[in-house]
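Residue numbers (UniProt numbering), protein chains in the order written: chain P, 1 to 407; chain R, 1 to 407.
Where chains are identical, the list cannot tell them apart; a pair therefore holds if satisfied intra-copy or between any two copies.
EDC-like mimics (lysine to aspartate or glutamate), calculated; alpha carbons at most 20 Å apart, straight line: (1) 13 - 393; (2) 241 - 104; (3) 8 - 26; (4) 8 - 25; (5) 311 - 385; (6) 228 - 104; (7) 311 - 336.
For the record, the hints were derived by calculation from the structure and aren't laboratory data.
There are 2 protein chains.
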Amino acid sequence: MTSLGPFKQAPHKLLVIPGPIEVADEVLFANAHPSMSHVSPDFIPVFGDCIRMIREVLFTKGAQPFLISGSGTLGWDQVAANLVEPGENALVLNTGYFGDSFTDCLETYGASVTQLKAPIGGTVPFDTLAAALQDKRYKVLTFTHVDTSTGVLSDAARIAETVRRVSPDTLVVMDAVCSVASEEIKFDEWDLDVVLTASQKGLGAPPGLSILLASPRAVGVWEKRKSKGVREGSYYASWSKWLPIMKAYESGSAAYFATPPVNLIYAFHASLSLITAKPSASPDPETPLPSVNERFALHRTASQRIKSAAKGLGLKQLPLQDAVAANGMTALYFPEGVTAGDLLPRLGAKDVVVAGGLLGSIKEKYFRIGHMGVSVVDSRRGDVEKIISALGDSLREIKDAKAKAAK
Amino acid sequence: MTSLGPFKQAPHKLLVIPGPIEVADEVLFANAHPSMSHVSPDFIPVFGDCIRMIREVLFTKGAQPFLISGSGTLGWDQVAANLVEPGENALVLNTGYFGDSFTDCLETYGASVTQLKAPIGGTVPFDTLAAALQDKRYKVLTFTHVDTSTGVLSDAARIAETVRRVSPDTLVVMDAVCSVASEEIKFDEWDLDVVLTASQKGLGAPPGLSILLASPRAVGVWEKRKSKGVREGSYYASWSKWLPIMKAYESGSAAYFATPPVNLIYAFHASLSLITAKPSASPDPETPLPSVNERFALHRTASQRIKSAAKGLGLKQLPLQDAVAANGMTALYFPEGVTAGDLLPRLGAKDVVVAGGLLGSIKEKYFRIGHMGVSVVDSRRGDVEKIISALGDSLREIKDAKAKAAK
Chain P
1 MTSLGPFKQA
11 PHKLLVIPGP
21 IEVADEVLFA
31 NAHPSMSHVS
41 PDFIPVFGDC
51 IRMIREVLFT
61 KGAQPFLISG
71 SGTLGWDQVA
81 ANLVEPGENA
91 LVLNTGYFGD
101 SFTDCLETYG
111 ASVTQLKAPI
121 GGTVPFDTLA
131 AALQDKRYKV
141 LTFTHVDTST
151 GVLSDAARIA
161 ETVRRVSPDT
171 LVVMDAVCSV
181 ASEEIKFDEW
191 DLDVVLTASQ
201 KGLGAPPGLS
211 ILLASPRAVG
221 VWEKRKSKGV
231 REGSYYASWS
241 KWLPIMKAYE
251 SGSAAYFATP
261 PVNLIYAFHA
271 SLSLITAKPS
281 ASPDPETPLP
291 SVNERFALHR
301 TASQRIKSAA
311 KGLGLKQLPL
321 QDAVAANGMT
331 ALYFPEGVTA
341 GDLLPRLGAK
351 DVVVAGGLLG
361 SIKEKYFRIG
371 HMGVSVVDSR
381 RGDVEKIISA
391 LGDSLREIKD
401 AKAKAAK
Chain R
1 MTSLGPFKQA
11 PHKLLVIPGP
21 IEVADEVLFA
31 NAHPSMSHVS
41 PDFIPVFGDC
51 IRMIREVLFT
61 KGAQPFLISG
71 SGTLGWDQVA
81 ANLVEPGENA
91 LVLNTGYFGD
101 SFTDCLETYG
111 ASVTQLKAPI
121 GGTVPFDTLA
131 AALQDKRYKV
141 LTFTHVDTST
151 GVLSDAARIA
161 ETVRRVSPDT
171 LVVMDAVCSV
181 ASEEIKFDEW
191 DLDVVLTASQ
201 KGLGAPPGLS
211 ILLASPRAVG
221 VWEKRKSKGV
231 REGSYYASWS
241 KWLPIMKAYE
251 SGSAAYFATP
261 PVNLIYAFHA
271 SLSLITAKPS
281 ASPDPETPLP
291 SVNERFALHR
301 TASQRIKSAA
311 KGLGLKQLPL
321 QDAVAANGMT
331 ALYFPEGVTA
341 GDLLPRLGAK
351 DVVVAGGLLG
361 SIKEKYFRIG
371 HMGVSVVDSR
381 RGDVEKIISA
391 LGDSLREIKD
401 AKAKAAK
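Pulled out of the complex, with its shape left as it was, chain P reads as follows:
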């Protein structure tokens, strides 16, 4: 790898939205890699390493990664166009905006979708899920591990266990765009079939890469479709096109379907190298690099600190119980009488950028803080402290301003 040299990213406001997130200097420097051929012998192992390292992050030995130029959304198309044939049934556990959108995507490719909608801030009860699975045969079940719109965390292990028990052939598809590398995921142990994500959240790289891992069971279902002669519903998202490419790069040769985002693959490689590094690989012996499991713990700790500070400031979380609140982000209702226009600019003036609401019906009533990647793993940055103090200061300023105006 090229040495980092004097590169240091420009001073900027702290970006703590639920993705894109702050990224390490090493990652940005890699994104500025000189132009390279996508079939160069120097680039091939970089791509191959990304395939191998993403398996490590997800604790899987046998899943097949797909790394494709595109946003996280493209993962839905991969599922809908490769795994579901027109007219087949899909069950969507809906915990927010992204459940609605995944439904829309599945229907575009001809799936017959049943949704189980959770109340805002809640999850679907497991007996409701079991009953639905008993009621009808579903080709796939999809759920959002962390719905970025609500900050609701689903119990992936228990969902997968329920499906395997009640409807063993149903494929378990997890939208993990806002959870990979920030929430615990054990692909093989939990017996998941698809985990789809993107580069710009917990994985700590710039946006532009759709990342999907498919279990041998899922690949088998797709192969059966092919053997029946049922054409995939998409060209760009077709596994027939991409599988040979992934296999080639992993085995050390190049193949061409569409030009990969070469620079971003270098950046992704730099971030994955940090995430999967042996503790001893740290450049600073005083601060060994955390393991993947330690990273999950660091995200939990940072999350608890932020959520507890928010509670202390009188803010109410959108998730209905702590057990269903994400560890990589926090969704908070504004206090009575406070709007996004009051709070977000005041945070911005303190160089802290958070996100507004996204879920249609309550969009104006809440805001979201992302706390993933270097912001929580590298404590020397002090990002968590900065978020907490900016939030407290801003709310006090608003209170003072309102008191003044009322006089």
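Got chain P; can you put chain R on it based on the hints?
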């Protein structure tokens, strides 16, 4: 824009394949922009400017740009999924590998495709085209402006003129992945309907952005589909999803469908700013920046120098006539008895990276040189001279080695 500061890309081999191409330091530095929110007021005008500038590069006032995270291939999906309804006819002018693939893409979405195949190195005769258009009603005609596999340049103006004359309602779709900003394109004057391209060739940015411009006529055809209730064939490539996003960013507000590749948009902005800059904007008054039209001329000149040097070395071009040879790349047959394994490593040892063949039937018999963007526009780099001398030296070395071995 952030100042370039001390950033200079690392020394590396000269990349002169037909994309990705060498890019300017400014562009790579922009690709290393600190993480930014995709809905930030600072980012919105950057995205909006890209939309405005790409119109300038293509000489269009009224076309609608779509800038989507993905490779150039995604542009085909956009055409096939939005403009062609299942069962409708598409006519493909095939001048190489990319004609085969576009056909495959159109068929995936249900189009009934007729191909007019040119001989290797040639184009489809205009009377053949006119006869085909008279014979059947086609929803779209597609052609590859420069087929990257063969280096064949199609006469876009005359193709469009022929379609308008014989079959005025047929949409003229140009795959311009390997021609935008290196070959003359006059979108409005030539009355084109779709021009699709990618970021990593003449446009001089890293790969990862699908760029498509649609005429008001093409948008009208798509709107008619929507009004008839015919759903688009793709979710990720759906204009229903993307058009509101493009309109929002251009008008100065943010909207969300899928996270844009923020860093790459900064890089694309940096490259478009150089391409569309007023000559007076050059930092060095001695070397004013060329206009877009002057860039076309610079590509023609560099191309002629390389092609004439290759001819002098006894190399035969793949395009059958000079008039159908691209100006942004050169495809050359190996001399008798010389293989890719003889020539490419020798060029590589001289820090010049070219590409092998791509067209299946003759893949082993030829190689390709890209000469686009900064490599031809910034003469101070000396890239053209470097290509020519490395090619001459390598061929002489091969000759000497073969003579020695024969002794």
